[in-house]
Amino acid sequence: MELVPNLLFAVALIVGIGFFVRNVKKLTRNIKLGRDVDVSDHKSQRWKNMLRIALGQSKMVVRPIAGLMHLIVYAGFLIINLEVLEIILDGILGTHRIFAPLGVIYDVLIGSFEILALLVIVAVVVFWIRRNAIKLQRFVKPEMKGWPKKDGNLILYIEVVLMCLFLTMNAADFQLQQLDVPEYTKAGAFPVSQYISGLLQDLSVSTLILVERTAWWLHILGILAFLNYLYYSKHLHIILAFPNTYFGKLNPQGQFNNLDSVTKEVKLMMDPSADPFAAPTEDTNEEVPEKFGASDVMDLSWVQLMNAYTCTECGRCTSECPANQTGKKLSPRKIMMDTRDRLEEVGKNLDANKGEFQPDGKQLLDDYISREELWACTTCNACVEACPVSIDPLSIILEMRRFLVMEQSAAPTELNNMMSNIENNGAPWPYNQMDRLNWVNE
Amino acid sequence: MSEVLKVKTMEEFMAEGKQPEILFWVGSAGSYDDRAKKISRAFVKILNAAQVDFAVLGPEESSTGDVTKRAGNEFLFQMQALMNIEILNGYEIKRIVTCDPHSFNTLKNEYPSLGGNYEVFHHTTYIKELLDSGRLSVEGKVYKEKRITFHDPCYLGRANSVYDAPRDLLRKTNAEVVEMKRHKKSALCCGAGGAQMFKEPEKGDMDINVLRTKDALETQPNIIATGCPYCNTMMTDGIKAHEKEDSVSVLDVAELIANSL
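Sequence order for the protein chains is A and B. Per my numbering, residue 7 is the first one in the first sequence, and the count goes up by one each step. Per my numbering, residue 1266 is the first one in the second sequence, and the count goes up by one each step.
None of these hints come from the bench; they were simulated from the model. There's no promise every hint is true.
In silico lysine-lysine, DSSO-like type, Cα no more than 30 Å apart, as pairs [to be verified]:
#1 B/1450 with A/65
#2 A/147 with B/1464
#3 B/1449 with A/49
#4 A/360 with A/335
Beyond 10 Å from chain A on every Cβ pair, some chain B residues (computed) [what the hints assert, rightly or not]:
#5 1359
#6 1456
#7 1488
Note that the coordinates shown come from a computational prediction; the quantities given were computed from them, not determined experimentally. No residue lacks a Cβ here, since even glycine has one placed at the ideal position from N, Cα and C.
Whenever a hint applies, use it, and build me the whole structure from the sequences.
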């Protein structure tokens, strides 16, 4: 009988982690639906970016209040996880506070966990107020209606509950230590929960043990549940921020990629010795001509798809976007959310059809992202600059414009005029190329 | 501006069997747009004053393709790029300077992988170099009592991290240089980029240039300076929308320096 809790714990752990692994597999499969792109260059620069931007939160603190609050929750998450390690070991081995022999170090650790837990609760309350009471503009944009809003708040509630469970567990433990209950070795410092333990003073030893055990179990089960909530939530950024900043753009922001497939065709067109009607030679396996640009998620690169899963919908991009600020439909955050939603839809389609995608008559373009949004972009890079985790919404907008123009000839009329001017006389306006030097003598 | 400018084409250099120090890429706006042509002239006035042996391509120059690339027409962009590269490489051009941040960005960042490798400068950086090396000096009288604010062009600032050169130049005019609330990395776009210059904006409740001009006017400037012909158009229109065209003017950094020589 004594082993029952250990077994139960082991089962919970295996189920929790098992589901998580399944989610990670699904996530990687979906991301790999994207086109291949070579990001194996500049490894040291990439590591530096990851350390600075993700680990070091360098872009978060550009906005000081949100940055500081986020730093607290982030540090709390990283550091309090040491406690989770102890909980897991205790759970498997049937021990209690296995790290207690560390003595003073243990006191410092538990003490700092408690202070952080309290700070996290404060930060989360501030976050909740920003979202629900002050209603900061970026949290109430149209794309935040429904699930995104609920998701945001749910994460805050889960965090508060987890922190409260942690403190309650410690408070009951502290009380039991005071009462010299043999299983509860005197260990740890409780700068926060000692004040809660006052509320537990009148409880009997058995009730206290019940409170302590319940809080302990709910805390770890809560963490396992939260781990599995990630895949369904915007909160995936706690993991993906790291690879996403690693694989982020290294070139100057203004540099847009040159499509190799286009280079091939343009060179052929411009080569006077090339015979456009030549039959393909026997040995060259004529590939299916590549589709130019993107109309659906499979046409985007896997980094762009990872970008979509990494987005935590903070809306800094949208609040910096000149088009959005002047009331246009375009919201860079919505571009990312739409990409993820469509990718999830494609993923479910694969699940339902044994891994073979069955055409569903839908695509990212028009069914999710409208042309009006795409044409409102000024390519100013403000969204790219604002993103704290190196997401590039602009690259998706450009790929979709490429599809519209090169596959569908569906540019706005004025732009078609501009382009035919460039084709005819090398300038966006209908002026004679021979007049290019007239300005000198005017 | 009736003074005579010294401008030679690459073709003329070739005929003389000479190579210029640098090529001035005038750009489509600088060649045809009435307002931007004045910027080209001001920049040449500076080049002449510093006795820079420069060339232009003249009728051999063609759009860099920046705007078509951003509109999504990669085909047309690459055709323009390959054509220009053929000409530039044919003349063995090594260094290029331009007053247009869009041409600057495209020539510097997007031409190399297509075979065009040049050292490319924005005119503000180049003028700064001329001053630093002592080839050019500024008297700095005309704007002494003026207040100037600088609008960062997206393709110069965020896109290529050039923030200091234009500001250093503005200080040389001895004017008071004031910053807008959003500047450098967080500067707001003027609304022209991404091919917006050539189309009507989508439905919204304001035009971007009007919003950006509001930022600028909050600093109570006499002059809004910029370093891009398209920003210049947008800010000039913005000032008209705010009915401030009588008290505030929009000038390129090159014009401010040319007038301060």
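Examine each Cβ of chain A, and state whether all of them lie more than 10 Å from the Cβ of residue 1359 of chain B.
-> For residue 1359 of chain B, whose nearest Cβ neighbour in chain A is about 20 Å away, the distance exceeds 10 Å, so it holds.
Given hint residue 65 of chain A paired with residue 1450 of chain B - CA-CA distance at most 30 Å | Measuring from Cα to Cα gives roughly 12 Å; hence the hint holds.
Holds or violated: residue 1449 of chain B with residue 49 of chain A, Cα cutoff 30 Å?
-> holds, 28 Å
Starting from residue 147 of chain A, check that the Cα of residue 1464 of chain B is at most 30 Å away, please.
-> Holds, at about 26 Å.
Once the closest CB in chain A is found, is it more than 10 Å from residue 1456 of chain B?
-> Non-interface label on residue 1456 of chain B violated, nearest chain A Cβ at 6 Å vs cutoff 10 Å.
Report holds if the minimum CB distance from residue 1488 of chain B to chain A is greater than 10 Å, and violated otherwise.
-> holds, 23 Å
Under the criterion that the straight-line Cα-Cα distance not exceed 30 Å, is the pair residue 360 of chain A, residue 335 of chain A satisfied?
-> violated, 37 Å
Comparing the model with each earlier hint shows violations of hints 4, 6; every other hint is respected.
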